[in-house]
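J.: Protein chains in written order, with my numbering: chain A, 3 to 263; chain B, 3 to 263.
These are computed hints drawn from the structure, not numbers from a lab. Just to be clear, a hint being listed does not mean it is correct.
Stated by the list, open to error - Okay, derived cross-link-like pairs now, EDC-like style, lysine to aspartate or glutamate, Cα gap no bigger than 16 Å in a straight line:
#1 B:K182 to B:E153
#2 B:K255 to A:E161
#3 B:K21 to B:D141
#4 A:K160 to A:D95
#5 A:K165 to B:E248
#6 A:K88 to B:D211
#7 A:K262 to B:E153
#8 A:K88 to B:E196
#9 B:K199 to B:D211
#10 B:K262 to A:D95
#11 A:K156 to A:D95
#12 A:K182 to B:D143
#13 A:K182 to A:E153
#14 B:K262 to A:D145
#15 B:K262 to A:E153
#16 B:K254 to A:D148
#17 A:K21 to A:D141
#18 B:K156 to B:D95
#19 A:K254 to B:E153
#20 B:K157 to B:D95
#21 A:K254 to B:D141
#22 B:K88 to A:D211
#23 A:K262 to B:E178
#24 A:K262 to B:E179
#25 B:K199 to A:D56
#26 A:K254 to B:E161
#27 B:K175 to B:D143
#28 B:K165 to A:E248
#29 A:K182 to A:E196
#30 A:K156 to B:E257
#31 B:K182 to B:D148
#32 A:K255 to B:E153
#33 B:K254 to A:E153
#34 B:K262 to A:E179
#35 B:K255 to A:E153
What the hints assert, rightly or not - Not close to chain B: a few residues of chain A, all C-beta gaps over 10 Å, as computed:
#36 L9
#37 T28
#38 D42
#39 E67
#40 G68
Quantities reported herein were computed from a predicted structural model and do not represent experimental measurements. Glycine included, every Cβ here is placed at the ideal spot set by N, Cα and C.
There are 2 protein chains.
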Amino acid sequence: MNENRPLILITNDDGYAAKGLRKLVTLMRTLGDVVLVSTDEVMSAKSHSCTIRDRLYVRLMRQEEGFAEYRCNGTPVDCVKLGYQKLTSRRPDLVVSGINHGMNAATTVVYSGTIGAVIEACMNGLTAIGYSLFSLDPDADFDHLDTAILEITKKVLKEGLPKGVCLNVNFPKRSEEPLKGIRVCRQAACRWVEYFKEQYDETGQRFFDLEGTFESDDITPDTDLWALQNNYASLVPTHFDWTAHECIEPMKKYEQISIKP
Amino acid sequence: MNENRPLILITNDDGYAAKGLRKLVTLMRTLGDVVLVSTDEVMSAKSHSCTIRDRLYVRLMRQEEGFAEYRCNGTPVDCVKLGYQKLTSRRPDLVVSGINHGMNAATTVVYSGTIGAVIEACMNGLTAIGYSLFSLDPDADFDHLDTAILEITKKVLKEGLPKGVCLNVNFPKRSEEPLKGIRVCRQAACRWVEYFKEQYDETGQRFFDLEGTFESDDITPDTDLWALQNNYASLVPTHFDWTAHECIEPMKKYEQISIKP
Numbered sequence: 003m004n005e006n007r008p009l010i011l012i013t014n015d016d017g018y019a020a021k022g023l024r025k026l027v028t029l030m031r032t033l034g035d036v037v038l039v040s041t042d043e044v045m046s047a048k049s050h051s052c053t054i055r056d057r058l059y060v061r062l063m064r065q066e067e068g069f070a071e072y073r074c075n076g077t078p079v080d081c082v083k084l085g086y087q088k089l090t091s092r093r094p095d096l097v098v099s100g101i102n103h104g105m106n107a108a109t110t111v112v113y114s115g116t117i118g119a120v121i122e123a124c125m126n127g128l129t130a131i132g133y134s135l136f137s138l139d140p141d142a143d144f145d146h147l148d149t150a151i152l153e154i155t156k157k158v159l160k161e162g163l164p165k166g167v168c169l170n171v172n173f174p175k176r177s178e179e180p181l182k183g184i185r186v187c188r189q190a191a192c193r194w195v196e197y198f199k200e201q202y203d204e205t206g207q208r209f210f211d212l213e214g215t216f217e218s219d220d221i222t223p224d225t226d227l228w229a230l231q232n233n234y235a236s237l238v239p240t241h242f243d244w245t246a247h248e249c250i251e252p253m254k255k256y257e258q259i260s261i262k263p
Numbered sequence: 003m004n005e006n007r008p009l010i011l012i013t014n015d016d017g018y019a020a021k022g023l024r025k026l027v028t029l030m031r032t033l034g035d036v037v038l039v040s041t042d043e044v045m046s047a048k049s050h051s052c053t054i055r056d057r058l059y060v061r062l063m064r065q066e067e068g069f070a071e072y073r074c075n076g077t078p079v080d081c082v083k084l085g086y087q088k089l090t091s092r093r094p095d096l097v098v099s100g101i102n103h104g105m106n107a108a109t110t111v112v113y114s115g116t117i118g119a120v121i122e123a124c125m126n127g128l129t130a131i132g133y134s135l136f137s138l139d140p141d142a143d144f145d146h147l148d149t150a151i152l153e154i155t156k157k158v159l160k161e162g163l164p165k166g167v168c169l170n171v172n173f174p175k176r177s178e179e180p181l182k183g184i185r186v187c188r189q190a191a192c193r194w195v196e197y198f199k200e201q202y203d204e205t206g207q208r209f210f211d212l213e214g215t216f217e218s219d220d221i222t223p224d225t226d227l228w229a230l231q232n233n234y235a236s237l238v239p240t241h242f243d244w245t246a247h248e249c250i251e252p253m254k255k256y257e258q259i260s261i262k263p
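Chain A on its own, in the form it takes in the complex:
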C-alpha cells in the first residue's frame, strides 16, 4: 500500500459478488488504495447486527498493488470492525459501503446492512459514506453514477465530515433523462407496510413469508424520497444519536414519578 494515496476500506451487504460492489471497487481504485472486506452471504436487512457469539473467520482472496480483497463469515458491521482493526496497515482515510442494490432512503436505513456498516465506521471516528441505487435488479446499470460518486467521494476525502456524521447517498435508477443533480435533504418518514403471507411447508406446518408495500406519505421537497422521485441523488447527513432532543424538556414530568417501592 502506498502511504501517499488515500486508504479506502470498502464493504457492502449484498455479498462479495454483487455488481454494485464491483463497480464501487473500480471507482474507488482510481482514488486510492483499496481494502475490500465483504461477507460470504447476502446480508440485506441485517441492520447493525454483529457477531458476538460465533467465531469470525477471514480469508484473503486476492492481493495486488493497491488492492487487497478479504471475505468473512460475519455481517457488514463485522467487516468494518475487522477491516480497520486487523486488515489495514493503517487507519483508513475513508470507509465506503455499497453500491447497494436497492434504495436506503427514508426509514429503510433502519434495516440496512449497508448503512449499518457506515454507522459503525462513523461511531469509531472514521469518515464514512454509503451509496445505494433505487433498483433491486442484480444486473442494474450503475454507469450513470460514476461522476457523482467520484466527485462526492473526492470532496469528502478532501474536506472530511463533521464529527459523528456520515453520509447516506441514494441514486435513482437509470432513466432516459440524465441525473438532475444532488439534493442535501432529510430522511423521509415513509416506511414499509408489511403483511405476512401464510403458507404451509412439506410437513403441513404453517409458516409466514414477509411481503410489503412502501408507503410514501411524507414526500416534501426537503426529503430524500422526493429527491429520488424527481431524478436527483439524495444526500442525507446521518448520525447515531437517536435522542428525540425536542422531547426531553416536555418529558421532564416523568422525573416526578414516585418510584419508592
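Following the hints, position chain B against chain A.
T.: Below, chain B alone, put in the same frame as chain A:
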C-alpha cells in the same frame, strides 16, 4: 382477551427463558392482557435485523385468561411484526421489550435487539417502551425495579407518547442504596472500543473473537450514562429519524457538485 383492559405486546432479545422477560410479563399482567412473542434463540446484538429470506414459524406455547405466549424462529423485530399483525386480536395499546440483561444506554442502542423491537413498534405507530438493566448476570435481581416500571408504564398507557417517539429506559443494578429517581436525558456518545482476540480452531485455522471495553468519555449530567452511574433510572425519548438536521444547511455546498458524466 378483555376489551376493557389494555392489550400489551411483549418481546425481548434474551430468549424466552430469560429472567428479565419473565419479570416483565408478571408486571405487565397486573396492568393489562398480555401477548408474549419471544424468540427461540438469544438475539443480543441483532439490532434491527429482520427475516426476509427464511420461513418464519410461530408456535403457541401457552394460553390462559388474559395471557398468550408464542415463540418464533426470527428476531425481536420479527416478533413485533408478527405480534401486532397476526397474533393479537386487535392493535396493542402498548409494546414493551425487555427487561434486557445488560444496559442499552449510550450508543449501545445501535446494536440492541431489545431496542430494535421498540423502534419497529414505534415506526408502525405503536406506543413502545424498552426496559434494560445494567447487569449481564442471567440471575440478576430485578425486584428493585417493580414500582418504577409499573409507574412509568401506567403513565405511558394513560398519556401516550409523542408521534414517532418511543422510550428507552435503563436501570442501574441493585445496590445497597435504593434507586434515587428517574432522569429524562440524552443518549451519551460513549461506545464500545473493541479488539479482536486471534485464536486457532481444531484444524489450525485462525479465527477472531470480539472483545471490548466500554469507553465513557461523554458523561455529563444530561446523559443516560451519568444517570446510571449515579443510581438513577435513565429515560431517553428515542426516534428513528437519523438525519443530522444541523448539518443540512452547511452541507448544501454538495449541491454545487457537477455530476455531468
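J.: Compare the structure with each hint and give your call.
T.: Evaluation of the provided hints:
Of the pairs offered as hints, the one joining K182 of chain B and E153 of chain B holds, with about 15 Å between alpha carbons and a cut-off of 16 Å not exceeded. Of the supplied pair hints, the one linking K255 of chain B and E161 of chain A holds, its CA atoms being roughly 12 Å apart against a limit of 16 Å. A threshold of 16 Å between alpha carbons decides the hint, and for K21 of chain B with D141 of chain B the separation of about 7 Å falls inside it, so the pair holds. With a CA separation close to 10 Å, the supplied pair K160 of chain A and D95 of chain A stays within the 16 Å bound.
Of the pairs offered as hints, the one joining K165 of chain A and E248 of chain B holds, with about 12 Å between alpha carbons and a cut-off of 16 Å not exceeded. For the proposed pair K88 of chain A and D211 of chain B, the alpha carbon gap of about 12 Å is at most 16 Å, so the pair holds. Note on K262 of chain A and E153 of chain B: the hinted pairing holds, with a Cα-Cα distance of about 10 Å set against a maximum of 16 Å. Restraint check: the Cα-Cα separation between K88 of chain A and E196 of chain B comes to about 11 Å, which is no more than 16 Å; the hinted pair holds.
At roughly 5 Å between alpha-carbon atoms, K199 of chain B and D211 of chain B fall within 16 Å of each other, so this suggested pair holds. The suggested pairing of K262 of chain B with D95 of chain A is violated, with an alpha-carbon distance near 26 Å, which exceeds 16 Å. As the CA atoms of K156 of chain A and D95 of chain A are separated by approximately 12 Å, the hinted pair is consistent with the 16 Å bound. Among the hinted pairs, K182 of chain A with D143 of chain B is inconsistent with the structure: their alpha-carbon atoms are about 59 Å apart, more than 16 Å.
Taking the CA atoms of K182 of chain A and E153 of chain A, the gap is about 15 Å. The hint holds against a cut of 16 Å. As the CA atoms of K262 of chain B and D145 of chain A are separated by approximately 12 Å, the hinted pair is consistent with the 16 Å bound. Of the supplied pair hints, the one linking K262 of chain B and E153 of chain A holds, its CA atoms being roughly 10 Å apart against a limit of 16 Å. Straight-line distance between C-alpha atoms of K254 of chain B and D148 of chain A comes to about 21 Å, which puts the hinted pair past the 16 Å bound.
About 7 Å separates the Cα atoms of K21 of chain A and D141 of chain A, which keeps this hinted pair within 16 Å; it holds. The hinted pair formed by K156 of chain B and D95 of chain B meets the criterion: a straight-line CA distance of about 12 Å does not exceed 16 Å. A C-alpha spacing of about 15 Å is found between K254 of chain A and E153 of chain B, which places the hinted pair at or below 16 Å, so the restraint holds. Straight-line distance between C-alpha atoms of K157 of chain B and D95 of chain B comes to about 13 Å, which keeps the hinted pair within the 16 Å bound.
At roughly 32 Å between alpha-carbon atoms, K254 of chain A and D141 of chain B are farther apart than 16 Å, so this suggested pair is violated. Pair hint K88 of chain B plus D211 of chain A holds up; C-alpha atoms about 12 Å apart against a cutoff of 16 Å. The straight-line distance between the Cα atoms of K262 of chain A and E178 of chain B is roughly 14 Å, inside the 16 Å bound, and the hint therefore holds. Pair hint K262 of chain A plus E179 of chain B holds up; C-alpha atoms about 12 Å apart against a cutoff of 16 Å.
For the given pair, K199 of chain B sits about 13 Å from D56 of chain A by alpha-carbon distance, which is consistent with the 16 Å threshold. For the suggested pair K254 of chain A and E161 of chain B, the alpha carbons sit about 14 Å apart, so the restraint of at most 16 Å is met. Pair hint K175 of chain B plus D143 of chain B holds up; C-alpha atoms about 8 Å apart against a cutoff of 16 Å. The hinted pair formed by K165 of chain B and E248 of chain A meets the criterion: a straight-line CA distance of about 12 Å does not exceed 16 Å.
The hinted pair formed by K182 of chain A and E196 of chain A fails the criterion: a straight-line CA distance of about 32 Å is larger than 16 Å. The straight-line distance between the Cα atoms of K156 of chain A and E257 of chain B is roughly 14 Å, inside the 16 Å bound, and the hint therefore holds. Pair hint K182 of chain B plus D148 of chain B holds up; C-alpha atoms about 14 Å apart against a cutoff of 16 Å. For the suggested pair K255 of chain A and E153 of chain B, the alpha carbons sit about 12 Å apart, so the restraint of at most 16 Å is met.
A C-alpha spacing of about 15 Å is found between K254 of chain B and E153 of chain A, which places the hinted pair at or below 16 Å, so the restraint holds. Annotation: proposed proximity of K262 of chain B to E179 of chain A holds, straight-line Cα distance about 12 Å (limit 16 Å). The suggested pairing of K255 of chain B with E153 of chain A holds, with an alpha-carbon distance near 12 Å, which does not exceed 16 Å. The Cβ of L9 of chain A sits about 19 Å from the closest Cβ of chain B, beyond the 10 Å cut-off, so the non-interface label holds.
The non-interface label for T28 of chain A is consistent with chain B: the shortest C-beta to C-beta separation is roughly 15 Å, beyond 10 Å. The beta carbon of D42 of chain A is kept farther than 10 Å from every beta carbon of chain B, the shortest such distance being approximately 14 Å. E67 of chain A, annotated as away from the interface, keeps every beta carbon of chain B farther than 10 Å; the closest lies near 25 Å. Every Cβ of chain B is farther than 10 Å from the Cβ of G68 of chain A; the closest lies at roughly 25 Å, confirming the non-interface assignment.
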